[in-house]
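Let chain A serve as the given structure and place chain B on it in line with the hints.
The residues making up each chain are set out below.
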Amino acid sequence: MMQFAIFAARKTPWDIIGENFTLLAAALLAFASVVVVLFLVAGRATVRAQEWLKYLVFLVPALLLLLVGLIYPTIRTIIFSFMDAKSENFVGLDNYVWAFTIPEILVVLRNTAVWVFLVPFFSTAIGLSIAYMTDHMKRPNVIKSLIFMPMAISFVGAGVIWRFVYAFEPNENRADIGLLSAIVKFFGGTPPNWLLESPGNTYLLIAVMVWIQTGFAMVILSAAMKNVPDEIVEAAMLDGATPIKRLFRVTIPMIRATLVVVLTTIIIGTLKVFDIVRTMTGGNFQTNVIANEMYSQAFRQMNYGTGSALAIILFLAMIPVIIYNIRQLRLERTER
Amino acid sequence: MTASAASVRAKGRAKNIFSSPIASAAAWIIAVVWTVPTFGLLVSSIRPEKDINSSGWWTFFSNPNISFENYQKVLFEGTTTNPPLFQFFFNSLAVTLPAVIFPITLAVFAAYALAWFDFRGRDTLFFGIFALQVVPLQLTLVPLLQLFAKGLQIGDVTIIPDLGITGTYIPIWIAHTIFALPLAIFLLHNFISQIPKELIEAARVDGAGPFTLFSKIVLPLSVPAIASFLIFQFLWVWNDLLVGLTFGAGSKEVAPMTVRIAEMVGTRGSGWEVLTAGAFISMAVPLIVFFALQRYFVRGLLAGSVKG
Numbered sequence: 361m362m363q364f365a366i367f368a369a370r371k372t373p374w375d376i377i378g379e380n381f382t383l384l385a386a387a388l389l390a391f392a393s394v395v396v397v398l399f400l401v402a403g404r405a406t407v408r409a410q411e412w413l414k415y416l417v418f419l420v421p422a423l424l425l426l427l428v429g430l431i432y433p434t435i436r437t438i439i440f441s442f443m444d445a446k447s448e449n450f451v452g453l454d455n456y457v458w459a460f461t462i463p464e465i466l467v468v469l470r471n472t473a474v475w476v477f478l479v480p481f482f483s484t485a486i487g488l489s490i491a492y493m494t495d496h497m498k499r500p501n502v503i504k505s506l507i508f509m510p511m512a513i514s515f516v517g518a519g520v521i522w523r524f525v526y527a528f529e530p531n532e533n534r535a536d537i538g539l540l541s542a543i544v545k546f547f548g549g550t551p552p553n554w555l556l557e558s559p560g561n562t563y564l565l566i567a568v569m570v571w572i573q574t575g576f577a578m579v580i581l582s583a584a585m586k587n588v589p590d591e592i593v594e595a596a597m598l599d600g601a602t603p604i605k606r607l608f609r610v611t612i613p614m615i616r617a618t619l620v621v622v623l624t625t626i627i628i629g630t631l632k633v634f635d636i637v638r639t640m641t642g643g644n645f646q647t648n649v650i651a652n653e654m655y656s657q658a659f660r661q662m663n664y665g666t667g668s669a670l671a672i673i674l675f676l677a678m679i680p681v682i683i684y685n686i687r688q689l690r691l692e693r694t695e696r
Numbered sequence: 117m118t119a120s121a122a123s124v125r126a127k128g129r130a131k132n133i134f135s136s137p138i139a140s141a142a143a144w145i146i147a148v149v150w151t152v153p154t155f156g157l158l159v160s161s162i163r164p165e166k167d168i169n170s171s172g173w174w175t176f177f178s179n180p181n182i183s184f185e186n187y188q189k190v191l192f193e194g195t196t197t198n199p200p201l202f203q204f205f206f207n208s209l210a211v212t213l214p215a216v217i218f219p220i221t222l223a224v225f226a227a228y229a230l231a232w233f234d235f236r237g238r239d240t241l242f243f244g245i246f247a248l249q250v251v252p253l254q255l256t257l258v259p260l261l262q263l264f265a266k267g268l269q270i271g272d273v274t275i276i277p278d279l280g281i282t283g284t285y286i287p288i289w290i291a292h293t294i295f296a297l298p299l300a301i302f303l304l305h306n307f308i309s310q311i312p313k314e315l316i317e318a319a320r321v322d323g324a325g326p327f328t329l330f331s332k333i334v335l336p337l338s339v340p341a342i343a344s345f346l347i348f349q350f351l352w353v354w355n356d357l358l359v360g361l362t363f364g365a366g367s368k369e370v371a372p373m374t375v376r377i378a379e380m381v382g383t384r385g386s387g388w389e390v391l392t393a394g395a396f397i398s399m400a401v402p403l404i405v406f407f408a409l410q411r412y413f414v415r416g417l418l419a420g421s422v423k424g
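Residue numbers (the numbering used here), protein chains in the order written: chain A, 361 to 696; chain B, 117 to 424.
The hints are simulated quantities; they were obtained by calculation from the structure and are not laboratory data. Where hints are given, some of them may not hold.
To be verified - In silico DSBU-like pairs for lysine-lysine, Cα to Cα no more than 30 Å straight-line:
id	chain 1	residue 1	chain 2	residue 2
1	A	K371	B	K189
2	A	K586	A	K498
3	B	K189	B	K368
4	A	K446	B	K266
5	A	K605	A	K632
6	B	K266	A	K632
7	B	K189	B	K166
8	B	K368	A	K371
9	B	K332	B	K266
10	B	K313	B	K332
11	A	K446	B	K368
12	B	K368	A	K632
13	A	K371	B	K266
14	B	K166	A	K545
15	A	K498	A	K605
16	A	K446	A	K632
Said to hold, decoys possible - Short derived list, chain B residues pointing at chain A, Cβ under 8 Å:
id	residue
17	L248
18	L297
19	F307
20	L403
Since we're looking at a predicted model, the values are computed, not measured. Each residue gets a CB set at the ideal place from its N, CA and C atoms; glycine is no exception.
Just chain A, with the same shape it has in the complex (with noise of 0.2 Å):
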C-alpha cells in the first residue's frame, strides 16, 4: 500500500475504480430493472395490448439503436465526405481527389492492397494445410489449440509480442533480444532494423495478421472437412491419388463454398485493420494503411472532410465482396 502515498492528495485509483463500479452496477441494475419491469407489466396486460407491446419491448429498442447507431452514421459520413475539415462547406470530390493524388496517401493504398492479397492467401492457405494434415490425427486437439490461440489475442498485444520478436540491437556488442535478428545472426546473415526499412516492414506486419487468422482458417475448414463423406476420399486412394493430387481435386472442391466464406471473412477482417500498424510502426516508415490513416485524419489532423473520405474508400473497397458474398447465399437457397 505504500506506493499510494504519493496520491493522497488527488484521487487514488481505487477511488476512480470504486466510482467506476459505482456506476456499473448503476447500470447493470437500471438496466435489469427496466427489462424485470417491462416483462411484469406486459405479462399483465390484455391480450389484445400485448398485440402491440410485444413490438415495443422485443424489436422496437433494437431497430432504435441500428437506425441512430449504424444507419445515420453511415449516411452523415457520406455527406462529410464531400466537406471540408469542419464540415462547413460542400467541397465536392476534393477529398477524393485528395486522396488518389497525394503521394503519401497513395502508399497507404497500395499498402491496403497488398494486405488484402496476402493475408487472406496466406492464412487460409496455411490454415487449409494444418487442417488437412490433421484430419485424420488421433490426437489433434493440443495442435489445433496452439494454432488457434493468438485468435484469443488482442491486436495490440500481438503487436507487441511480434515488436519483441522483431527487436533490433543496433549496438554490434550487446548480445540481440529480438529473436528474428537472433536467427539472422546464427545462420551468418546481418538483421536490418526489421520495423524501420520498406517494403520488408509491411510484410512483417502482415505476417503478425496472417500469424493471428490462421486459427480462424483452420478451424472453419477443419469442421467443412468433417464433412467431406471418408468413402469419397477413399475412392480418390483406391485411384491411387497422392494426398497432394486428394487434396486439390478431391477435398477443395467439396469444401469450396466454405473456402469462399473464410475468404471473404479475413479479407473484410483486413481492410479493417488498425491495431496492429498502430501499435507496431504507428504507421510510419510507409506502412501505413487506411484504416489507421482513417483514424489519423479524422482524431489527429481533426479532419473530417478526408477522414470520411477514407472511410468511404474503405467501404467502397468491401463491397465486391460483400455482392460475391450475397450471390453465394442467395446461390444456396435456391439449391436448397
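Okay, now just chain B, sitting in the frame of chain A:
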C-alpha cells in the same frame, strides 16, 4: 451394438490409413512456430529487467533468473497522469460486462421477434439487419461521437439532447452494443428460428402470450447459442482498441487496458520489462476464457461461417 462397434473400428482403421507421420510432424512444427512468440513474451515477463535488456529470452533456460518485479512494477507503480495498470484492468472489466450483457439481451429479444412474430416485411427487415453487418466501424465513428458529444439537432429541433456523458463509460457501452447487434441478431435468429414449431404452438394453445412464451420456452432453449455469442462478444470487447480509444474520449479514468498498452508501446519511456508483463496481464483473461470455453467459442464461429 456390434454394428456400431464395428463402425467405430472401421473409422479407427480409416484414420490409420489416412494419417501420415510426415504430415503430423509438419503440423507439430507449425504449431511450435506459432507458439514461440507468445512463449517468448511470457518467459521475458518473469525475467529481471537487467536480463531482459541484455540477453535474448532463450538464454533464460541456461541462466534461469525468475523475478516478478516487472508485474509488481507495471501493475502498481504509477502517477496520477500515468496510473498503474491495475486501474486499467478494472476499467476493462467495467467496459466489458455491460458491453456484453446489453447487446446479447437486445439481440435475443429482436431475434425472437424476427423469428416468431408474424408481420409484414419481416424477411426484408431481417435481411436488412444481416446486411448491416458489413458497415465498417470506421464509417460511423465521427457522426456517432458527435451524437454523444452534442446530441442530435435537425434544424432547430432537438431530437436527442446533449446528454453530457462524454468521458464516461456510457458511450463505450452504447457503441459496443450497436456494433454487436447485427451479428448477434443474425446468429441468434438462426438458432431461435430452429425451435420446433409444435413446441411454440402447444404453448400458445395453453394460453401463453408472447412474453410468457419468451421467458418459459425461447429463452431457456437459447442458452447454448447465447453462451457461444457471449464468449465471442467478450473476447471482442476485451480485445478491442478502436472503440475504447475513440469513445473513451481520451480519459484515463475509463480507458481499457488495450488503450493503455498501445500508449505504453508508443512512449519511449516504457522498457520491455513493463511491456512484456503488461501485455501478458492484458492477455491473461481472454486466454483463460479461451482455453476453458474453447468448444463453445468454436461452435459460435462455426454457426457464423459454415453453411449448408
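Hints and how they fare:
With a C-alpha separation of about 20 Å, the suggested pairing of K371 of chain A with K189 of chain B holds against the 30 Å cut-off. Proposed proximity of K586 of chain A and K498 of chain A is supported: the alpha carbons are some 14 Å apart, at most 30 Å. With a CA separation close to 18 Å, the supplied pair K189 of chain B and K368 of chain B stays within the 30 Å bound. Restraint check: the Cα-Cα separation between K446 of chain A and K266 of chain B comes to about 15 Å, which is no more than 30 Å; the hinted pair holds.
Between K605 of chain A and K632 of chain A the alpha-carbon distance is near 35 Å, which puts this suggested pair outside the 30 Å criterion. Under the criterion of a C-alpha separation no larger than 30 Å, the hint pairing K266 of chain B with K632 of chain A is consistent with the structure, at around 27 Å. For the hint linking K189 of chain B to K166 of chain B, the alpha-carbon distance of about 14 Å falls within 30 Å, and the restraint holds. Our distance criterion of 30 Å between C-alpha atoms is met by K368 of chain B and K371 of chain A, whose separation comes to about 12 Å.
At most 30 Å may separate the alpha-carbon atoms for a hinted pair to count; K332 of chain B and K266 of chain B exceed this at roughly 42 Å. The suggested pairing of K313 of chain B with K332 of chain B holds, with an alpha-carbon distance near 15 Å, which does not exceed 30 Å. Distance hint between K446 of chain A and K368 of chain B is fulfilled; the C-alpha atoms sit about 27 Å from each other, no more than 30 Å. The suggested pairing of K368 of chain B with K632 of chain A holds, with an alpha-carbon distance near 25 Å, which does not exceed 30 Å.
Simply put, K371 of chain A and K266 of chain B have alpha-carbon atoms about 28 Å apart, close enough for the 30 Å limit, and the pair holds. Of the supplied pair hints, the one linking K166 of chain B and K545 of chain A holds, its CA atoms being roughly 22 Å apart against a limit of 30 Å. Pair hint K498 of chain A plus K605 of chain A holds up; C-alpha atoms about 22 Å apart against a cutoff of 30 Å. Proximity of K446 of chain A to K632 of chain A is assessed by CA-CA distance (about 25 Å); at most 30 Å being required, the pair is judged to hold.
With a cut of 8 Å, the hint placing L248 of chain B at the interface with chain A holds, because the nearest CB-to-CB distance is about 6 Å. Nearest Cβ of chain A to the Cβ of L297 of chain B: about 6 Å, under the 8 Å cut. The hint holds. The restraint placing F307 of chain B at the interface with chain A is violated, with a minimum CB-CB distance near 16 Å, outside the 8 Å limit. Hint on L403 of chain B holds. Least Cβ distance to chain A is approximately 5 Å, under the 8 Å limit.
When held up to the earlier numbered hints, the structure conflicts with 5, 9 and 19 and fits the remainder.
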